[in-house]
Structures are given as C-alpha cells and as structure tokens.
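Please build the complex by placing chain B on the supplied structure of chain A, with the hints as guidance.
For the protein sequence lines, the chains are A and B, in the order given.
Each step along the first sequence adds one to the number in our numbering, with nothing skipped, and position 114 is 114.
Each step along the second sequence adds one to the number in our numbering, with nothing skipped, and position 110 is 110.
Because the hints were derived from the structure by calculation, they are not lab data.
Misleading hints may appear alongside valid ones.
[What the hints assert, rightly or not] Derived CB-CB ranges, DEER-like:
1. A:SER209 - B:LYS70: 17 to 27 Å
2. B:LYS73 - A:GLY277: 35 to 45 Å
3. B:PRO170 - A:ILE4: 21 to 31 Å
4. B:ARG115 - A:ILE180: 56 to 66 Å
5. A:VAL44 - B:LYS116: 47 to 57 Å
6. B:GLU5 - A:ILE188: 54 to 64 Å
7. B:LYS73 - A:CYS14: 23 to 33 Å
8. A:LEU185 - B:LYS73: 12 to 22 Å
We put the beta carbon where it would ideally sit given N, CA and C, even for glycine.
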Amino acid sequence: MELISCIKNFPKHCKTAFQNIWRNGVMSVSSIFAVTITLVLIAVIGVVAINIQDMTYDIEESLTIYVKIDREVKDEDAQKIQPSIEEIEGVKSVEFSSKDNELDKLIESQNEDGKKLFEEYRKNNPLGSAFVVEVEDTKQLEGIAEKIQQLDHVNDTNYGGESTSSLVESLESVRNGGAIFVAGLTIIALFMIANTIKITITSRQTEISIMRMVGASNWYIRLPYMLEGIFIGILGSIVPILVLYFGYTAVYDSAAGLLPSMMALREPIPFIWQCAGILVGLGSGVGLIGSFVSVRKFLKF
Amino acid sequence: MIKLENVTKIYKTGVRAVNNMNIDIGPGEFVYVIGPTGAGKSTFIKLLYREEKATSGRVVVAGQDVSKIKNRKVPYFRRNIGVVFQNFRLLPKKTVFENVAFTLEVTDTPRMEIRKKVRRTLELVGLEDKANAFPHELSGGQQQRVAIARAIVNSPKVLIADEPTGNLDPDTSTEIIELLERINELNHTTVLVVTHDKEIVQKYKKRTILIEDGCIKTDTSTGGYLNGTH
Chain A
1 MELISCIKNF
11 PKHCKTAFQN
21 IWRNGVMSVS
31 SIFAVTITLV
41 LIAVIGVVAI
51 NIQDMTYDIE
61 ESLTIYVKID
71 REVKDEDAQK
81 IQPSIEEIEG
91 VKSVEFSSKD
101 NELDKLIESQ
111 NEDGKKLFEE
121 YRKNNPLGSA
131 FVVEVEDTKQ
141 LEGIAEKIQQ
151 LDHVNDTNYG
161 GESTSSLVES
171 LESVRNGGAI
181 FVAGLTIIAL
191 FMIANTIKIT
201 ITSRQTEISI
211 MRMVGASNWY
221 IRLPYMLEGI
231 FIGILGSIVP
241 ILVLYFGYTA
251 VYDSAAGLLP
261 SMMALREPIP
271 FIWQCAGILV
281 GLGSGVGLIG
291 SFVSVRKFLK
301 F
Chain B
1 MIKLENVTKI
11 YKTGVRAVNN
21 MNIDIGPGEF
31 VYVIGPTGAG
41 KSTFIKLLYR
51 EEKATSGRVV
61 VAGQDVSKIK
71 NRKVPYFRRN
81 IGVVFQNFRL
91 LPKKTVFENV
101 AFTLEVTDTP
111 RMEIRKKVRR
121 TLELVGLEDK
131 ANAFPHELSG
141 GQQQRVAIAR
151 AIVNSPKVLI
161 ADEPTGNLDP
171 DTSTEIIELL
181 ERINELNHTT
191 VLVVTHDKEI
201 VQKYKKRTIL
211 IEDGCIKTDT
221 STGGYLNGTH
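This is chain A alone, in the form it adopts within the complex:
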C-alpha cells in the first residue's frame, strides 16, 4: 500500500524536491557547490590518471624480445623455429624478420655514409634472420628471453636487460599509485558530499518531526529528500562535465602535435561521455545515499 502511494505521488514528490531546493536557497547552493568542486577534482585527477595508465600500457606493449638467429641458418630453416617460440607460455605473438629485412632495417638506421657502406653487403648478407617476440605480461620478459635463448640456433636474445625490468616496475608503481590516489580522493570527495547533504537535512530535523507528527509514513517523508539529493547531485555535475568537455578537448588538440604517438591521449569521444556518465552517477548516487542515511536517523520511532 505504501509503495503504491509512493508511485502515485511520484510527480508530487519531484515537485516537492524541487521546491525544497528552491526554498532552501543558500543551503542548496552550498550543497551543489560542494558537489561541483569535488566532482571537478575527481574528473581532472581521474582523467589524468587514466591517460597516464594508458601511456604506461602503451609503453609496456612496445617492449619486445629481439631474438637473433645464428648467421649460418637460412631463412627457411629459421622460420621453423617460430612454432617452438610460440609454444612458450606467455608469448603473445612472434614476428619473423628475414635476413634481407634485417639488413634493410640496419641500412635504414644509418646516416648517408653508413647507408652506402652497408649497401655493399646486399650481395653477401652477413646478418642472421630474427624474431620479434611480444609477451603477454612484461614482467615475464626476462624469463621468456632465457627460455628462447636455450632453443637451437638462437644466437642471442635482447629485451633491454635490467633497465627494461626496472622500467616495467616503475610503470607498475605509477599505475598502482595513481589508482590508489584516485580511489582515496573519490572516497574523501564522496564523504564531503554526503556530509554537506547531511548538514542540509539535519537543519531540517524539525521539519521531519512535524511530518511524522501529522502522520506521514516514513517513505512519504524520505522520498522527497532522496529525490532532492539526486537533483543536487545532477545539478552539481553540470559544471564538472562542461569543464571536462571543453578542457579535455582543448588539451587533446594541443597535445596532439606535441606528444609522441606512444603517449597519445585517449580520443575525446566517447571518453568524455563515459566520464560524464560516471560523474552524474557519482553525484546523484552519493546524493541519494547521503540523504537516505541522514533522513533515516530522524525516522526512528
């Protein structure tokens, strides 16, 4: 019965909620402002953290094992090694590079003089063929390199050695640190919002006791406050979304030419909309829960 009454009165409750926001003027504005500030903070730091995370993954993905095959092994024979590399656990992909290909790459990397010099070797290629191995988890680089080393005809493996390992480790700690930071900040921000809403509602304690006095059921009292919390959350997330939209597009456009492709920022669309959705969700969700909890305290008989 109570539920039916709540649904039937939903438009009225919405109206009451808006009326409350309007008539409580300063209190509502301060709540909305608190939501705005915290969400802007979350948005900015979250977006930065997500992009840094992306970059670290991109960098990690570009880390590969370079496998040199013995010089005397012919291309066709070398290619037969490919399956045994692929069999190793943790190997994501293996790309074969023939002797000629290797020489092309070498010539490419030289200056003019060098190019002329190495062109000479076209006829009698002294280089061996090679594999470029990508791994699933960069932490396994060292182990997999060792295993490949033990295969027949493998001359040498190179994954950058110690420096790569420490790079992987530091990227990992940047990611984890960022995640913890964002999570911590989000929790603090949410507490701030919930607290502001709590103050708003506590100041209306008498109002709730009067409603109880004239026989309003608990849900009848609660619903407008919950809706009010949601509306405050939504109103508070408008500015952060605008900041995100214009700020991020501007940063993206100006960064496009500056950053190397490996460190590219996420495409603004649909990234901005996803973030906007999260912000609205956070704002209204916290508004809802905050007001629900605060009202509950005054509804105990």
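Frame of chain A, contents of chain B only:
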C-alpha cells in the same frame, strides 16, 4: 476515547516520569491537564501520541492499544490524533495553505477535497485571508491558529494541545482556548489541553486533571484549579 490502565513510564536514565497512572476520558470531553514542571505532564501526553512507549500498563487511544502499534504503523495511528505545541512547529518553508494541506496530502486525499477542507478549516480558525502567507509573516497567535487548523483538518478523534498558550499574551491565549472549545463543541472532538495558565483553568470550568510526581493527584469534573487540594 483515552484510557490508561496502571501505566508506568521509566526512562532509560531511571527517571520514573509516570507512576501507575489510571485515567479514563470519554469521547467529546474537554479536559485540562495541569501540574508543576517535571510532574510528568509531557510524558503523559507523549504516551498518548506514541512519542514514548509505556514501560508497563496499557494505553488505549481511539480504540487502539498504543503500545502494540508497530513502529512502521505509528504514522497511520497518528492520523487519528491532532497535536498542537507551544512552539507551533509549522513547516517554515511552506505557506499556511500548504502547512494545513500537508496533513491531508499524506493520506492521499484527492486534491479537490484537500482544497475544500483546508479552506473550511482556515475559515473556522479565522485565517482564510492568510492562506498564502509563510509562517514567519504571521503573529504568534496566528501561527498557533494555523497549527490548530493543521491538527484538526483531517477530523481527528482526539486533539492534544501541549501548552498551546505558553508563548502567547493573555488576550491571544483566551482566543486560542475559545477556539479549542469551539472545535470541541462543533466537531465533538475529544480535546486535551495541557497548561500552566491558572487563569484559563479558573475561567473556563472544565474537567481538570492535576498531575504531580507522575500520579494523578486530583481529577475534578467540576473544574477549577483551586477546587482540588489547594
């Protein structure tokens, strides 16, 4: 209409506010409840509208055993009772009309009927021209009239007034008491007025219950403060 049987209320702090109280108030009665501060008057009426639960004994109001009502059902029980307070307790952000209408809105009364009943009640208390004012724009006496209108708009069986004249000057107090009497006569509502005001009790001779130390000291149906033990 109101019946207490061996009711005792002991607060968690150990204070025995109501001690083995027995009382019987019939429908349509007008009763004054008097007594010194701390005698247990407030606890007595809080027991009636289920703000407090009796530690032992039986409280029956409007045919319902109050102590047996589940917490969730308390709001529905309260629709049978109108309560008026010393400090008016109006919703500050709602107009006079909205304040009075609120009592009916929570019971899902159709809008047309709400309008009709609120208007009629505001006429009864003499505030039909203040319907769109906010409480802070009214005088104390006017605010108390709004509070009374709110309490009676859904025609409750019992009207409890806790020191309704405590914040008002003598002339306004008289008006309020006369209004309560009129409601008692017109609607046959059982009216319970808690008061400190000796003059009022002397002037309007009604049944008067004197509470002292959590017990009923005297219960005079003839009325008058000084007719009792004093």
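(message) So, against the hints stated earlier in the document, which numbers end up violated here?
(response) Numbers 3 and 8 - these are the hints that the structure violates, sorted from lowest upward.
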